[in-house]
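Starting from the structure of chain F, add chain U where the hints point.
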Amino acid sequence: SQELEQSPQSLIVQEGKNLTINCTSSKTLYGLYWYKQKYGEGLIFLMMLQKGGEEKSHEKITAKLDEKKQQSSLHITASQPSHAGIYLCGAEGAQKLVFGQGTRLTINP
Amino acid sequence: EPEVTQTPSHQVTQMGQEVILRCVPISNHLYFYWYRQILGQKVEFLVSFYNNEISEKSEIFDDQFSVERPDGSNFTLKIRSTKLEDSAMYFCAISEQGRGYEQYFGPGTRLTVT
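Those protein sequence lines, which keep their order, are chains F and U. Quick note: the first sequence uses this note's numbering, first residue 1, plus one each step. Quick note: the second sequence uses this note's numbering, first residue 1001, plus one each step.
Among the hints, erroneous ones may be present.
Here are the computed lysine-lysine pairs in the DSSO-like style, where the Cα-Cα straight-line distance is at most 27 Å [as the list claims (entries may be wrong)]:
1. F/LYS64 x U/LYS1083
2. F/LYS38 x F/LYS60
3. U/LYS1042 x F/LYS56
4. U/LYS1042 x F/LYS36
5. F/LYS17 x F/LYS64
6. U/LYS1057 x F/LYS27
In short, the hints are calculated from the structure, not lab data.
One chain only, chain F, in its complex shape (with noise of 0.2 Å):
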């Protein structure tokens, strides 16, 4: 079964200040979805990659994934409040996704 891990697990870093969140997959991935969560709240859609090579950018956001199709980064410019949270990445299986351990970000003001 395909297993992703992320790094790190958790993440500090000072306002304005760039940052880099890690997901790599065991396998070849078919599509690879990032969402960013609240804690005890819901999944915030962020991005879906698909081909090898992709870069996507949202806002202050770019997420990438690697020529081979196994890992994706996601990189945050200028951090801000706004931006805390817990990201989690899920790689897309038949008819389902499944998700990394997610990484918490804190942003200090």
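The following block gives chain U in isolation, referenced to the frame of chain F:
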């Protein structure tokens, strides 16, 4: 982004009782999913549903669980006889066309079994 509502937001029940969790997608999406997240653990897939049939289910989704879409809009997850280990956040998700399309999640129902 399509809206998904879930009711109730929080349910407390005694062990052995039946619970029904509801999902109401405000859209015409065709694919429905249930996931759960035990406190401090990963989000886990339970079941996917399309055209009034289960299309995929995990080993967690045993005979205690069932899903249906009784009136063409609400999508329900029933747990027949709850156990302490069923305590978790349960998320409904929808997708327009299934694989290769975005999955949008509801806010979740927190189930507490005592």
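Taking each numbered hint in turn, which are not upheld by the structure, reported in ascending numerical order?
Going through the list in order, the structure violates hint 1 alone and respects the others.
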